[in-house]
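Number of protein chains: 2
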Amino acid sequence: MNNETVKVGLMGFGTVGTGVVRIIQGHQEDLVKQTGLSIQVEKILVQNLNKKRSLQVPSDLLTTNAYEILYSPDIDVVIEVMGGIHPAKEYILTALEQGKHVVTANKDLMALHGEEILSKAKEKQCDVFYEASVAGGIPILRALIESFSSDRITKIMGIINGTTNYILSKMSQEGADYQEALQEAQALGYAEADPTSDVEGLDAARKMVILSTLGFHIPMKLDEVEVKGISQVTKEDIAYAKKLGYEMKLLGLAEQNGKGIEVSVEPTLVHKSHPLASVHGVFNAIYVHGEAVGETMFYGPGAGELPTATSVVSDLVTVVKNMKLLVNGQGISSSYKEKKLKADDHKYAKYFLRMIVSDQPGVFTQISQALAEQNISLATIVQQPHPKEKQAEIIIITHRAAKSSLNQALSQMENMAIVSEIKSCYRVEGGEAEWLA
Amino acid sequence: MNNETVKVGLMGFGTVGTGVVRIIQGHQEDLVKQTGLSIQVEKILVQNLNKKRSLQVPSDLLTTNAYEILYSPDIDVVIEVMGGIHPAKEYILTALEQGKHVVTANKDLMALHGEEILSKAKEKQCDVFYEASVAGGIPILRALIESFSSDRITKIMGIINGTTNYILSKMSQEGADYQEALQEAQALGYAEADPTSDVEGLDAARKMVILSTLGFHIPMKLDEVEVKGISQVTKEDIAYAKKLGYEMKLLGLAEQNGKGIEVSVEPTLVHKSHPLASVHGVFNAIYVHGEAVGETMFYGPGAGELPTATSVVSDLVTVVKNMKLLVNGQGISSSYKEKKLKADDHKYAKYFLRMIVSDQPGVFTQISQALAEQNISLATIVQQPHPKEKQAEIIIITHRAAKSSLNQALSQMENMAIVSEIKSCYRVEGGEAEWLA
Numbered sequence: 001m002n003n004e005t006v007k008v009g010l011m012g013f014g015t016v017g018t019g020v021v022r023i024i025q026g027h028q029e030d031l032v033k034q035t036g037l038s039i040q041v042e043k044i045l046v047q048n049l050n051k052k053r054s055l056q057v058p059s060d061l062l063t064t065n066a067y068e069i070l071y072s073p074d075i076d077v078v079i080e081v082m083g084g085i086h087p088a089k090e091y092i093l094t095a096l097e098q099g100k101h102v103v104t105a106n107k108d109l110m111a112l113h114g115e116e117i118l119s120k121a122k123e124k125q126c127d128v129f130y131e132a133s134v135a136g137g138i139p140i141l142r143a144l145i146e147s148f149s150s151d152r153i154t155k156i157m158g159i160i161n162g163t164t165n166y167i168l169s170k171m172s173q174e175g176a177d178y179q180e181a182l183q184e185a186q187a188l189g190y191a192e193a194d195p196t197s198d199v200e201g202l203d204a205a206r207k208m209v210i211l212s213t214l215g216f217h218i219p220m221k222l223d224e225v226e227v228k229g230i231s232q233v234t235k236e237d238i239a240y241a242k243k244l245g246y247e248m249k250l251l252g253l254a255e256q257n258g259k260g261i262e263v264s265v266e267p268t269l270v271h272k273s274h275p276l277a278s279v280h281g282v283f284n285a286i287y288v289h290g291e292a293v294g295e296t297m298f299y300g301p302g303a304g305e306l307p308t309a310t311s312v313v314s315d316l317v318t319v320v321k322n323m324k325l326l327v328n329g330q331g332i333s334s335s336y337k338e339k340k341l342k343a344d345d346h347k348y349a350k351y352f353l354r355m356i357v358s359d360q361p362g363v364f365t366q367i368s369q370a371l372a373e374q375n376i377s378l379a380t381i382v383q384q385p386h387p388k389e390k391q392a393e394i395i396i397i398t399h400r401a402a403k404s405s406l407n408q409a410l411s412q413m414e415n416m417a418i419v420s421e422i423k424s425c426y427r428v429e430g431g432e433a434e435w436l437a
Numbered sequence: 001m002n003n004e005t006v007k008v009g010l011m012g013f014g015t016v017g018t019g020v021v022r023i024i025q026g027h028q029e030d031l032v033k034q035t036g037l038s039i040q041v042e043k044i045l046v047q048n049l050n051k052k053r054s055l056q057v058p059s060d061l062l063t064t065n066a067y068e069i070l071y072s073p074d075i076d077v078v079i080e081v082m083g084g085i086h087p088a089k090e091y092i093l094t095a096l097e098q099g100k101h102v103v104t105a106n107k108d109l110m111a112l113h114g115e116e117i118l119s120k121a122k123e124k125q126c127d128v129f130y131e132a133s134v135a136g137g138i139p140i141l142r143a144l145i146e147s148f149s150s151d152r153i154t155k156i157m158g159i160i161n162g163t164t165n166y167i168l169s170k171m172s173q174e175g176a177d178y179q180e181a182l183q184e185a186q187a188l189g190y191a192e193a194d195p196t197s198d199v200e201g202l203d204a205a206r207k208m209v210i211l212s213t214l215g216f217h218i219p220m221k222l223d224e225v226e227v228k229g230i231s232q233v234t235k236e237d238i239a240y241a242k243k244l245g246y247e248m249k250l251l252g253l254a255e256q257n258g259k260g261i262e263v264s265v266e267p268t269l270v271h272k273s274h275p276l277a278s279v280h281g282v283f284n285a286i287y288v289h290g291e292a293v294g295e296t297m298f299y300g301p302g303a304g305e306l307p308t309a310t311s312v313v314s315d316l317v318t319v320v321k322n323m324k325l326l327v328n329g330q331g332i333s334s335s336y337k338e339k340k341l342k343a344d345d346h347k348y349a350k351y352f353l354r355m356i357v358s359d360q361p362g363v364f365t366q367i368s369q370a371l372a373e374q375n376i377s378l379a380t381i382v383q384q385p386h387p388k389e390k391q392a393e394i395i396i397i398t399h400r401a402a403k404s405s406l407n408q409a410l411s412q413m414e415n416m417a418i419v420s421e422i423k424s425c426y427r428v429e430g431g432e433a434e435w436l437a
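Protein chains in written order, with UniProt numbering: chain A, 1 to 437; chain B, 1 to 437.
Hint data in this document are derived by calculation from the structure and do not stem from the laboratory.
Be careful, since some hints might not be right.
Note: identical chains are not told apart, hence a pair may lie in one copy or across any two.
Restricting the straight-line Cα-Cα distance to at most 20 Å, the calculated cross-link-like pairs of lysine-lysine (PhoX-like) are [what the hints assert, rightly or not]:
id: 1; residue 1: Lys242; residue 2: Lys390
id: 2; residue 1: Lys242; residue 2: Lys272
id: 3; residue 1: Lys33; residue 2: Lys235
id: 4; residue 1: Lys33; residue 2: Lys89
id: 5; residue 1: Lys33; residue 2: Lys340
id: 6; residue 1: Lys235; residue 2: Lys324
id: 7; residue 1: Lys235; residue 2: Lys339
Required output: the full structure, derived from the provided sequences and hints.
Put into C-alpha cells, the structure is as follows:
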C-alpha cells in the first residue's frame, strides 16, 4: 500500500464480486473513517472481458490474466470470490507467497484445503479471512474465534443450507412433496439444475468442517462427517413430525464430550420450542452451546449478493486495520487440540422411527422387546391403522440411545416377519413429543 | 506484565466476579494456547474480607482497598464488575490514567459516561471493552463494531431485559396478570424486590444507548431515549395481541433513515412470524437490520454468572492479544457521525389501539373519521360487545402512521363523548394481523 490507499485485486466478478465492488464504492466514506485508509479495487479477474454486467466498471479494471493481480506489486489484498477448488487454491497460495492478504468466500476450498492455506498464511505473516464461506451474512466464524474464546463449546447445530431449508419449509407449510418443493426452489433460483450438492447434504457438510474445526480447535476432515441428505424425506414424515411437535430440518451437528467428537449432517426433527425450529425458508441459523455461556443462536441470510459481500468487506476491513497496525497473520487460529472421533457406541441421541407392521396381537411386544434388548427405552409411541388391510403404522420416539444400539435394533426389526417396512429413522433434538390430534 | 503472565485486578466479587475467576482458573490451559500468555488474578476488591463465598480463594488475594489494584505496578488489566456509577467511574478513570486496560460489565456506567471513559482510554492508548454490559452472553457489541463495519445499520430491535421478558412470557403463556407474573419473577430471583429499573424500561434504555451509539456511530444520550415500561400492560392486551397473531414484548428500538434517528423502549406487539416473537423467558435477542446484510438476529442468555463472565473473559483475551501485539487502544470506536433526532412527524409505525365506546350507531364512523383526518388508515378492525351494557370494545391495527398524527387523533378521540376510555396504544412490528377466533 502507499500511505493512503489499500489496493485490492478481486478474483471473480459474479454475484458476490459485484456486491463487493458496490459496497466498497458506496461506503467509501465510512470505510475511510473506520480504517483511516481508502480502499480501491485495482483489478478484477473475469473470464470474459465483453460480458454484459449489471455493474459497469472502467474497462481497464478488468483482466483475464490472474498474474496481473497475483504478481502486481501494487496490490495488497486479494479477494477470491470465483469459487471452485482449482485454480482458486493455486491463486490463493500464490497470493500468500507474494505476501498478499487474502479474503475468500470459498467454503469448498476452506473445507478441503483450509489447513494448507492457513499454514502458508502463517508462514508468510499474511491474513486469511473467510467469514463469508459459512452462512453468508452471519458473523459466526468471528463469534467462534473471538467471542467464545474463553468458553468450551460443546455443541454446534446449524441450519446452514438455504436450499434444503426452503424445500423442507415448503413441505412443512404447504404439505408439498419433495419433488414439488424442489421444482419450486429451482424455479425461484434457490436450487440449482443439479441440486445434488445441496439436497444430499454435501454443501452443509463442508460448512460443518469449517465450523467444527474452529469451534473445537481440531483439524476436521470432510470424510469424517457423516452425511445424509433430504431426498428421502417424505411429506408423511413431516406431517407426523408436526403432529408430535417437531419441525424437520437438515441439521449440521458437531458435538464433543469426554468420549470425543462427532460431526454429522442429517435430516433431524427439531422440537418446536427450540429456537432453530422457527428458522424458515432460505434463512440460516447456527446454534452454539458453550459450557459457560449456555445456549446462543445466530440467525440471518445464508447467501445472496449483498449479505455475502458484506461479510467479505468486513473481513477486508479487518485486514486493512491489521495492515495499519502491522499485525497481519497474527489472528490465524490453529487446531491445537487432539482429534478423537466418537465411536458409534458413544454417539447418543433420541430417534424417531416409523414402520409398517402386521396388525396382529403381540406385534408391539416384539418391537419393544427388540429395542429393550438394546437398552433403548421409549418416550412416545403412536400406533394407528395403515390404509393397507391388516397392517398398522407404528411411530416411536426413543429416549437417548447409542447409535450402535439403534442400528442393531433396526437390523433385528428389519428381519422380523411382522415388520413389512421400516419407513424412516431420524435423529431428534429438543423437547419432548406430544401428540397433537 | 512480565514476559509470561498478565496480571488482573478484579473489582467486585459477586456473581459475575466469581464466574470470571472460575473461568480464568478452569480454562488456563486454553487461555495460554490462545494468547501465548498465562492470565492470573492478582487482587480482588471486596467490601468484606470475611464474607462466606461460594468460591474459596487465598485470603491474600482479597483487599478492601481499591488503591492496591489501581496503583499496583504489577497489574496490567482491571476488570470492573462491581456495578453502580460511583465509585466505579472514578476507579475506571484512575485505572486508565495509570495505563491499565479495562474490561467492564457496567451498562449503567457505559450508558451514562461511556464517551468520557472511551476518550480517556484513547488518550492513554488503553483498551476498554464492555461486551458484557449488553445482553450478557451474546457477542452483539463485537458484531456491531466488527462484522457490520462495512454495512449501514438501519434498525436495531432488542429484547434486552430478561426480567420483563420473563413476566410478559408468563402473562402470554399462562394468562397470568402483571402482578402475579412479577411476584413469580421475584420469587425466582429474576426480578428484584424493587423492580422499577427493569419493569419501567430503564435498564433496557441504558442498553439501547450503548447499542445505538455503536450501531449508528453517534453519541446517544440516555435522556434522548423514549421509555415506556410494562407495568400498565394487562392480560387483556396480551390476549388480544395473541388473537391477532402477535406477542407482546418490551422492545428496544433504534432506527435511522434520511430523516434522522429514533431510539425508544416500549411494549410492542411483535408478529409471530418475526424471529423476535419466539424469544421467551429470560432469554435476550437482538435483531439487526443492515442495508446490505438484511435481517440478522443474535440470541442467547442476557444474564447469569457464567454467560456474563464468559463475555468478560473474552474481552480480557482480546486485551491480552492486543498487549502481545502492542496495539491496545486502537480499536476504540468513535462516534463520528452527526446525531439528528427524528421529530415525531418523522417517526412512523403501525399501532394497536383498544378502546371502550358507546354501543350506538355512528360510533365507528366518528372514530374512523378522527383517524382519517390525520391520514391514518386502518389495517384491521375488530368490534365486539363489552361486558358493560351498551358499550362495545374496538380494537384497531393501523397502517404505518406518523407518531404526531397518532397523538393528535388520540387526543381528539379522548374528548369524544362516545369514547369512554382508550385502554391501550402499542407500537406494532412485523407482519399483518389476522383474527384467530
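Hints, verified against the model:
no.: 1; hint: Lys242 - Lys390; result: neither (26 Å within a copy, 45 Å between copies)
no.: 2; hint: Lys242 - Lys272; result: both (9 Å within a copy, 18 Å between copies)
no.: 3; hint: Lys33 - Lys235; result: neither (53 Å within a copy, 48 Å between copies)
no.: 4; hint: Lys33 - Lys89; result: neither (33 Å within a copy, 29 Å between copies)
no.: 5; hint: Lys33 - Lys340; result: between (46 Å within a copy, 19 Å between copies)
no.: 6; hint: Lys235 - Lys324; result: neither (55 Å within a copy, 56 Å between copies)
no.: 7; hint: Lys235 - Lys339; result: neither (38 Å within a copy, 53 Å between copies)
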